[in-house]
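J.: For the record, the sequence lines run as chains U and D.
Using the numbering used here, you'd call the opening residue of the first sequence number 3 and step up by one each time.
Using the numbering used here, you'd call the opening residue of the second sequence number 280 and step up by one each time.
Careful, some of the hints might be misleading.
[Stated by the list, open to error] Keeping only pairs whose Cα atoms sit at most 30 Å apart, straight-line, the calculated DSSO-like set for lysine-lysine is:
| no. | chain 1 | residue 1 | chain 2 | residue 2 |
| --- | --- | --- | --- | --- |
| 1 | U | LYS157 | D | LYS348 |
| 2 | D | LYS324 | U | LYS111 |
| 3 | U | LYS72 | U | LYS155 |
| 4 | D | LYS348 | D | LYS324 |
No lab work stands behind these hints, which were simulated from the structure alone.
What you are looking at is a predicted structure, and each value in this text was computed from that prediction instead of being measured.
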Amino acid sequence: MRSSVIVFPASNCDRDASVALEDITGTKPTMVWHAESTVPDCDLILLPGGFSFGDYLRSGAMAAQSPIMKDVIAKAKSGVPVLGICNGFQVLVESELLPGALMRNRDIKFLCKDVQLKVERNDTIFTSKYDAGEIITIPIAHHDGNYFASEDKLKQLEDEGRVAFRYVNEIGEATPEANPNGSQNNIAGIYSKSMKVLGLMPHPERLISNELGGTDGRGLFESLVEALH
Amino acid sequence: MKDTKMKARITVTLKNGVLDPQGKAIEHALDGLGFQGVDEARQGKLIELDLQDTDKDAAMTRVTEMCEKLLANTVIENYAIELE
Chain U
3 MRSSVIVFPA SNCDRDASVA LEDITGTKPT MVWHAESTVP DCDLILLPGG
53 FSFGDYLRSG AMAAQSPIMK DVIAKAKSGV PVLGICNGFQ VLVESELLPG
103 ALMRNRDIKF LCKDVQLKVE RNDTIFTSKY DAGEIITIPI AHHDGNYFAS
153 EDKLKQLEDE GRVAFRYVNE IGEATPEANP NGSQNNIAGI YSKSMKVLGL
203 MPHPERLISN ELGGTDGRGL FESLVEALH
Chain D
280 MKDTKMKARI TVTLKNGVLD PQGKAIEHAL DGLGFQGVDE ARQGKLIELD
330 LQDTDKDAAM TRVTEMCEKL LANTVIENYA IELE
């Protein structure tokens with residue numbers, strides 16, 4: 003499986019993503035600088051976490067205007083899977099590849115901790131190695147992760163089964179207490195209509211070996227390998 | 280009539296109904312300082328542009344496009360443009 007990781011100025015999870023991809027897919031990804039105009043032919047494009055362009059104006063707003071994003075958008079529209087993690091998710095909503103917006107966390111603070119997520123469905127290229135309804139632990143590290151969409155859009159996302167992950171408590175309930183950042187409907191990640199673009203705030207690439215504290219993040223990459231090898 | 284360059288002032292605010300955590304914090308801080316009677320605080324952004332434009336209508340069209348494409352996220356924000 004060939005993958006490309008897009009690197010923006012002040013991306014800081016690009017190398018973590020690269021290590022995870024190389025470890026799990028067996029192939030080192032191509033690192034693609036934001037000023038390039040084309041992404042090499044590949045099976046997966048990953049937009050990594052970080053603080054691209056210092057989060058100026060709005061998180062992800064500047065990166066969404068980077069030269070490379072024209073080709074990322076074109077490739078996504080032609081069916082190439084795209085995974086946006088944290089700042090990558092923010093770039094995806096600013097690029098309108100995914101609906102909604104990611105606002106300042108409800109309690110204003112930067113959050114850096116492990117959270118429980120419920121895998122809403124496992125019939126997608128990103129989640130086949132998990133069980134539907136499985137509760138996994140994945141770290142979050144963000145200031146602007148408070149997912150917002152208009153009432154209509156939110157209803158559409160729910161009706162179309164496009165919520166990928168939800169923040170939940172130990173027994174899988176999406177309670178206000180289990181919601182770290184104020185996201186509507188406890189949303190931690192969503193799919194595009196095609197189900198081939200996934201954006202999520204938590205960092206699966208940070209939890210891929212016991213030495214890092216756990217392996218719950220591996221399933222996402224293993225699912226991609228199975229679907230795209 | 281002499282050509283004068285223009286300045287655009289763009290005020291970006293969160294839409295009604297969109298939770299504004301920073302505004303809420305400001306509200307609480309003002310209350311904590313003893314300033315009573317503030318019903319609500321909302322925080323926004325002010326962006327100023329020095330433009331080479333001399334035609335007001337053309338400038339308004341261009342700045343509106345800038346707002347739609349970059350300066351505001353219309354999912355959550357409104358914008359107002361003043362030209363002078």
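J.: Indicate, hint by hint, whether the structure satisfies it.
T.: Verification of the supplied hints:
Under the criterion of a C-alpha separation no larger than 30 Å, the hint pairing LYS157 (chain U) with LYS348 (chain D) is consistent with the structure, at around 26 Å. For the hint linking LYS324 (chain D) to LYS111 (chain U), the alpha-carbon distance of about 20 Å falls within 30 Å, and the restraint holds. For a cut-off of 30 Å, the pair hint linking LYS72 (chain U) to LYS155 (chain U) stands: about 24 Å separates their Cα positions. For the given pair, LYS348 (chain D) sits about 16 Å from LYS324 (chain D) by alpha-carbon distance, which is consistent with the 30 Å threshold.
Every hint, counting from the list given before, is met by this structure.
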